[in-house]
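**Student:** Sequence:
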Amino acid sequence: MTVRIERIEGLDGDRRAAITAPFAEAATVKRFAFSPHHLTLALTDEHGIDGGLIAQLYWDWMHVEILAVPERYRGKGLGRALLEQAESVAAASGCTGAWVDTYSFQSPGFYEKMGYSVFGRLPNYPKGEERIFFAKQLKAAD
Numbered sequence: 001m002t003v004r005i006e007r008i009e010g011l012d013g014d015r016r017a018a019i020t021a022p023f024a025e026a027a028t029v030k031r032f033a034f035s036p037h038h039l040t041l042a043l044t045d046e047h048g049i050d051g052g053l054i055a056q057l058y059w060d061w062m063h064v065e066i067l068a069v070p071e072r073y074r075g076k077g078l079g080r081a082l083l084e085q086a087e088s089v090a091a092a093s094g095c096t097g098a099w100v101d102t103y104s105f106q107s108p109g110f111y112e113k114m115g116y117s118v119f120g121r122l123p124n125y126p127k128g129e130e131r132i133f134f135a136k137q138l139k140a141a142d
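Sequential numbering from 1 applies to the sequence shown in UniProt numbering.
Warning: the hint list may mix true and false statements.
Said to hold, decoys possible - For each label pair, taking beta carbons as the anchor points, the in silico distance ranges come out as:
#1 46 to 7: 35 to 41 Å
#2 48 to 137: 23 to 29 Å
#3 61 to 2: 35 to 41 Å
#4 106 to 48: 20 to 26 Å
#5 19 to 94: 24 to 30 Å
#6 14 to 75: 35 to 41 Å
Derived from the structure by calculation, the hints contain no laboratory data.
All C-beta atoms in this analysis are idealised placements derived from N, C-alpha and C, irrespective of residue type, glycine included.
Construct all of the structure, not just a fragment, from the sequences and the given hints.
**Tutor:** Dropping the structure here:
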């Protein structure tokens, strides 16, 4: 059998699943089956979807991959509402915490106001800036 490395453009769900399968196998051996549940909350207007939140729930945590609010809608509480709703769904699903990463030039202050604490920093990513990792313990769902 010949194995080669191939660059793939446009990662779809099936290809992503095939690439992550070995990760799931290794985690399952340790009794941590990797079976993320996706959470998507969309901001919509008369033109369709315009921003929102994409997260994964697994291993009792929520990982917020994307939280995007268009500039024209900022300052209206939509980012707060998206994150609070996602946290509520995560807690109801049994998650005990949430984590997210952002950049020093984007929204670290937002996550601090939302009760998140820094647990890591990647300097010069991009050059002169930082990638910052935040986490928060979630309250159990009622």
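**Student:** Could you check the hint for me, namely that residue 19 and residue 94 are 24 to 30 Å apart, CB to CB?
**Tutor:** At roughly 27 Å between Cβ atoms, residue 94 and residue 19 fall inside 24 to 30 Å, so the hint holds.
**Student:** Regarding residue 14 and residue 75, is the given constraint of 35 to 41 Å on their beta-carbon distance met?
**Tutor:** 40 Å, holds
**Student:** Against the range 23 to 29 Å, how does the distance between the Cβ atoms of residue 48 and residue 137 compare: consistent or not?
**Tutor:** Violated, at about 35 Å.
**Student:** Return holds or violated for the Cβ distance of residue 106 and residue 48 against the range 20 to 26 Å.
**Tutor:** 24 Å, holds
**Student:** Kindly confirm whether 35 to 41 Å is satisfied by the beta carbon distance between residue 46 and residue 7.
**Tutor:** 39 Å, holds
**Student:** Should the hint that residue 61 and residue 2 are 35 to 41 Å apart at their CB atoms be regarded as holding?
**Tutor:** Since the Cβ atoms of residue 61 and residue 2 sit about 39 Å apart, the hinted range of 35 to 41 Å holds.
The structure shown violates just one earlier hint, number 2.
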